[in-house]
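Work out the full structure: start from the sequences and follow the hints.
2 protein chains.
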Amino acid sequence: MQTEQLRILTVSIKRLLRRGATRQLKNIIAKTHMADLSIVFKELSMDNRKRLFKLLEDPEQMGLLLSELEENTFLEYVKQINLSILVEIFNTLPSDDAAELLNMLDEELSDQILSKMQKEESDNVEQLMSYDEDTAGSLMVQDFVALEEETKAREVIEALQSKYLDVEMPFYIYVIDDYGKLVGVSSLRQLVVVPPEKPLKEFMATDIITATPFTDREDVAKLVSKYDYLAIPVVDDDNKMIGIVTVDDVIDILHEAATEDMLKMAGVGEEYVETQTVFRGTRIRLPWLFASFLGGLAAVFILNSFESALGEAVYLAAFIPVIMGMGGNIGTQSSTIVVRGIATGKIDIQDFAKIVGKELAVGTILGIVYGVFIGVVAKILYAAEPFSWSLAIAVGLGIISSMSIASLVGSMIPLIMERFNIDPAVATGPFVTTSVDIVSVYCYFMIATLLIGL
Amino acid sequence: MQTEQLRILTVSIKRLLRRGATRQLKNIIAKTHMADLSIVFKELSMDNRKRLFKLLEDPEQMGLLLSELEENTFLEYVKQINLSILVEIFNTLPSDDAAELLNMLDEELSDQILSKMQKEESDNVEQLMSYDEDTAGSLMVQDFVALEEETKAREVIEALQSKYLDVEMPFYIYVIDDYGKLVGVSSLRQLVVVPPEKPLKEFMATDIITATPFTDREDVAKLVSKYDYLAIPVVDDDNKMIGIVTVDDVIDILHEAATEDMLKMAGVGEEYVETQTVFRGTRIRLPWLFASFLGGLAAVFILNSFESALGEAVYLAAFIPVIMGMGGNIGTQSSTIVVRGIATGKIDIQDFAKIVGKELAVGTILGIVYGVFIGVVAKILYAAEPFSWSLAIAVGLGIISSMSIASLVGSMIPLIMERFNIDPAVATGPFVTTSVDIVSVYCYFMIATLLIGL
Numbered sequence: 335m336q337t338e339q340l341r342i343l344t345v346s347i348k349r350l351l352r353r354g355a356t357r358q359l360k361n362i363i364a365k366t367h368m369a370d371l372s373i374v375f376k377e378l379s380m381d382n383r384k385r386l387f388k389l390l391e392d393p394e395q396m397g398l399l400l401s402e403l404e405e406n407t408f409l410e411y412v413k414q415i416n417l418s419i420l421v422e423i424f425n426t427l428p429s430d431d432a433a434e435l436l437n438m439l440d441e442e443l444s445d446q447i448l449s450k451m452q453k454e455e456s457d458n459v460e461q462l463m464s465y466d467e468d469t470a471g472s473l474m475v476q477d478f479v480a481l482e483e484e485t486k487a488r489e490v491i492e493a494l495q496s497k498y499l500d501v502e503m504p505f506y507i508y509v510i511d512d513y514g515k516l517v518g519v520s521s522l523r524q525l526v527v528v529p530p531e532k533p534l535k536e537f538m539a540t541d542i543i544t545a546t547p548f549t550d551r552e553d554v555a556k557l558v559s560k561y562d563y564l565a566i567p568v569v570d571d572d573n574k575m576i577g578i579v580t581v582d583d584v585i586d587i588l589h590e591a592a593t594e595d596m597l598k599m600a601g602v603g604e605e606y607v608e609t610q611t612v613f614r615g616t617r618i619r620l621p622w623l624f625a626s627f628l629g630g631l632a633a634v635f636i637l638n639s640f641e642s643a644l645g646e647a648v649y650l651a652a653f654i655p656v657i658m659g660m661g662g663n664i665g666t667q668s669s670t671i672v673v674r675g676i677a678t679g680k681i682d683i684q685d686f687a688k689i690v691g692k693e694l695a696v697g698t699i700l701g702i703v704y705g706v707f708i709g710v711v712a713k714i715l716y717a718a719e720p721f722s723w724s725l726a727i728a729v730g731l732g733i734i735s736s737m738s739i740a741s742l743v744g745s746m747i748p749l750i751m752e753r754f755n756i757d758p759a760v761a762t763g764p765f766v767t768t769s770v771d772i773v774s775v776y777c778y779f780m781i782a783t784l785l786i787g788l
Numbered sequence: 335m336q337t338e339q340l341r342i343l344t345v346s347i348k349r350l351l352r353r354g355a356t357r358q359l360k361n362i363i364a365k366t367h368m369a370d371l372s373i374v375f376k377e378l379s380m381d382n383r384k385r386l387f388k389l390l391e392d393p394e395q396m397g398l399l400l401s402e403l404e405e406n407t408f409l410e411y412v413k414q415i416n417l418s419i420l421v422e423i424f425n426t427l428p429s430d431d432a433a434e435l436l437n438m439l440d441e442e443l444s445d446q447i448l449s450k451m452q453k454e455e456s457d458n459v460e461q462l463m464s465y466d467e468d469t470a471g472s473l474m475v476q477d478f479v480a481l482e483e484e485t486k487a488r489e490v491i492e493a494l495q496s497k498y499l500d501v502e503m504p505f506y507i508y509v510i511d512d513y514g515k516l517v518g519v520s521s522l523r524q525l526v527v528v529p530p531e532k533p534l535k536e537f538m539a540t541d542i543i544t545a546t547p548f549t550d551r552e553d554v555a556k557l558v559s560k561y562d563y564l565a566i567p568v569v570d571d572d573n574k575m576i577g578i579v580t581v582d583d584v585i586d587i588l589h590e591a592a593t594e595d596m597l598k599m600a601g602v603g604e605e606y607v608e609t610q611t612v613f614r615g616t617r618i619r620l621p622w623l624f625a626s627f628l629g630g631l632a633a634v635f636i637l638n639s640f641e642s643a644l645g646e647a648v649y650l651a652a653f654i655p656v657i658m659g660m661g662g663n664i665g666t667q668s669s670t671i672v673v674r675g676i677a678t679g680k681i682d683i684q685d686f687a688k689i690v691g692k693e694l695a696v697g698t699i700l701g702i703v704y705g706v707f708i709g710v711v712a713k714i715l716y717a718a719e720p721f722s723w724s725l726a727i728a729v730g731l732g733i734i735s736s737m738s739i740a741s742l743v744g745s746m747i748p749l750i751m752e753r754f755n756i757d758p759a760v761a762t763g764p765f766v767t768t769s770v771d772i773v774s775v776y777c778y779f780m781i782a783t784l785l786i787g788l
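Protein chains in written order, with our numbering: chain A, 335 to 788; chain B, 335 to 788.
Hints listed in this document are in silico derivations from the structure and should not be mistaken for laboratory results. Keep in mind it's a predicted model, so treat the numbers as computed, not measured. One thing to keep in mind: the hints can contain errors.
Stated by the list, open to error - One side only, chain A facing chain B, incomplete, derived with CB under 8 Å:
1. Val-421
2. Met-438
3. Leu-620
4. Gly-662
Stated by the list, open to error - Capping the alpha-carbon separation at 25 Å, the derived lysine-lysine pairs in DSS-like fashion look like this:
5. Lys-376(A) x Lys-497(B)
6. Lys-384(B) x Lys-365(A)
7. Lys-497(B) x Lys-532(A)
8. Lys-532(A) x Lys-486(B)
9. Lys-680(A) x Lys-376(B)
10. Lys-556(A) x Lys-384(B)
11. Lys-560(B) x Lys-560(A)
12. Lys-413(A) x Lys-450(A)
Glycine included, each C-beta is placed from N, C-alpha and C at the ideal position.
This is the structure we're talking about:
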């Protein structure tokens, strides 16, 4: 189907979904080729995917689109599909997709399905399921070309025309020795330029970057993107090849990793929650807000301890929001820069002092700029009062200390987390803003009571 | 070089850089193959890249590593290299890298370099430079295989062995008609499975996804990742092929796009600033903090207008930080979810009411939970006072209104921005937190004065 036709199809399906025109939709689904339907499906929002999926009847179509659903929706629908159809669906799915989906199901149901699937298929799937979901093992496909060193270029091409006809991405020809160990790699591209009778061992590259099934998936993604590879072979302890991770999966991982980092920094967990139910969305965010709640509580007690000072100088309270706000914002800036720098490899912990020093300098300069601004405002606003000068200075110093501390804390915390192998994104967001809030308010009131002499 | 050797080399270079062992480093550089040096270079932090680059002497090495430097560092070093060496460097660089780097230089210098470069090379580079840096045009390489419809499979392979031997990524064989228009595409993979005498037009696919040189680079990246392609052809108005964008560039774009979104949301501009100077870092962040400053100022005036109420009930001030903090955090959560959902295509503006409604529901429920918590704390803390009940209720309602408003504003703003084609990430961060701060504080004091009757 042409791009233009696909676009029209997508628009029509969206319109019909909006109208709830079930009968027409079923008609279109029946007439549309599966590959096209899958592309249209990816164009839809999660809500529309859900609506469209409800209308499917053919197990093969369901299987293809099932892996494009969001986890909760998937689980919801699986309940409505009966076991024999589920088995049919899982038989048609590629092993890696099947493993990923089965891992989401409860064990009893996934065991039932596996036991009824074709033996060879379920063996593959079970092997993949045994790896943790953050590893290369759970991600690899077992669909690759591996031939022996003595195979001639001509024979490799023959093998591609017969035995390996179904391999989805045969860019690389992996070379194994008599014991099945990975010893080299060649490419489809080299294959067409070498003389037909040349054996693989004479033109293969022996410098191979590999992953193990236990390599973290983000590390695999980094390897692929660093070396500009189209696939990376996965080997076991004996250097035997057990699968490949391809560049299209790597793109998905990079997308997911960036999303996870953003969500973690905002304290929303690491799973994408928009499409989840209100109840689930609430439950996931509740504990993350607790850090902020405890910080707020600490601020209550701090301010409470300054109650007598506040009683004599209520105008001090008017500047609490601006001091907290400026500190919070610059703290978020510093931690975002450092967290993303670590994730993209642009920042190295070795440069700890330099990075933190630079952030502190930026924070202090900006603190001085805005401190002077706000000091002037305070002086003008309370010009008639005898305390206006001390107030202006207290507020100005409050901003400076809040912003410099925020940039210091904001840049240090993620680096320290990284040092101790804790994901810097996960604890940075709420932790930084909350600690900055408490320290800022405390400093401000200390300075104010000292200066105004309360 | 084997992976293990590369790892050792990287570690040694890092150690020598730390020690400042210039002579040994120069020795190593001279002995290391350029491709290996480039891989090691990518492993280093920006600071270490800078240090290592200073030690290079060979123009070819400099060219290769130049494009791995960060913009400021690049500009700094270019100044120190004399013109004839610069021309040599740019002659050896691939056109797309050369165009990207020349675009960073001031026009006078880039014109000088272009005029002294080899004619054919500078023509290519100038064409690429004419496209905006956010477009497919600036990103494409002119290195692709394009043959006519009648070419037989055997002849295609022959062409790959001679004319196209230097093409870096010949996965796809593009097919053009007599007028040079793109009419089909085949792959290296198909080529080895079809009979040698079959002409391209009989096995090519005619359903081609293309980009124009003016297509936004992020849209190109989305096409590649959606269709799992390894490259996308770029065509001009007459459907003539002028280049391809390859999957390795797409990975870089996705990485950059995610970084840009995070930085924009934190209000740090859209350029990665860590490695910039303190002065530049300050200048970039100054205007972004201004929104937060204005918000803080508004809060000063609001609280000032409640001064008499505050004077009678200073304890109200103690709860300002917790009310602002909880609102700010949940607002950031909501906007992060929506911004990322838009970027990954999981959220569609059509579902506006549903998304905002869900966020509002989550915000309100969480507001009630934490409102009750903090109300209880207020009641206990001021148990002895006659106003303790009213205070508890005012503070509780303050949290509920702050959190529900924050989730409403946080989810609405990015959707509205997207609706009006403004990048939702850019204005979301500081705008959301600041408006939430002001509204929260105002609501809290309104409720408090009404309840406590000040």
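Hints, one by one, checked against the model:
With its C-beta approaching chain B no nearer than about 27 Å, Val-421(A) sits outside the 8 Å limit, and its interface hint is violated. With 8 Å as the threshold, the beta carbon of Met-438(A) stays out of range of chain B, its nearest partner Cβ sitting at about 18 Å, so the hint is violated. With 8 Å as the threshold, the beta carbon of Leu-620(A) comes within range of chain B, its nearest partner Cβ sitting at about 6 Å, so the hint holds. Using the Cβ-Cβ criterion of 8 Å, the hint placing Gly-662(A) at the interface with chain B is satisfied: the shortest such distance is roughly 7 Å.
For the proposed pair Lys-376(A) and Lys-497(B), the alpha carbon gap of about 39 Å is over 25 Å, so the pair is violated. A distance of roughly 59 Å separates the Cα atoms of Lys-384(B) and Lys-365(A); the hinted pair therefore is violated under the 25 Å criterion. Using a Cα cut-off of 25 Å, the hinted pair Lys-497(B) and Lys-532(A) holds, with the two alpha carbons roughly 21 Å apart. With a CA separation close to 24 Å, the supplied pair Lys-532(A) and Lys-486(B) stays within the 25 Å bound.
Only pairs whose Cα atoms come within 25 Å are accepted, and Lys-680(A) paired with Lys-376(B) is accepted, the gap being roughly 9 Å. Of the supplied pair hints, the one linking Lys-556(A) and Lys-384(B) holds, its CA atoms being roughly 22 Å apart against a limit of 25 Å. About 21 Å separates the Cα atoms of Lys-560(B) and Lys-560(A), which keeps this hinted pair within 25 Å; it holds. Between Lys-413(A) and Lys-450(A), the direct Cα distance comes to roughly 17 Å. Compliance with the 25 Å bound is thereby established for this hinted pair.
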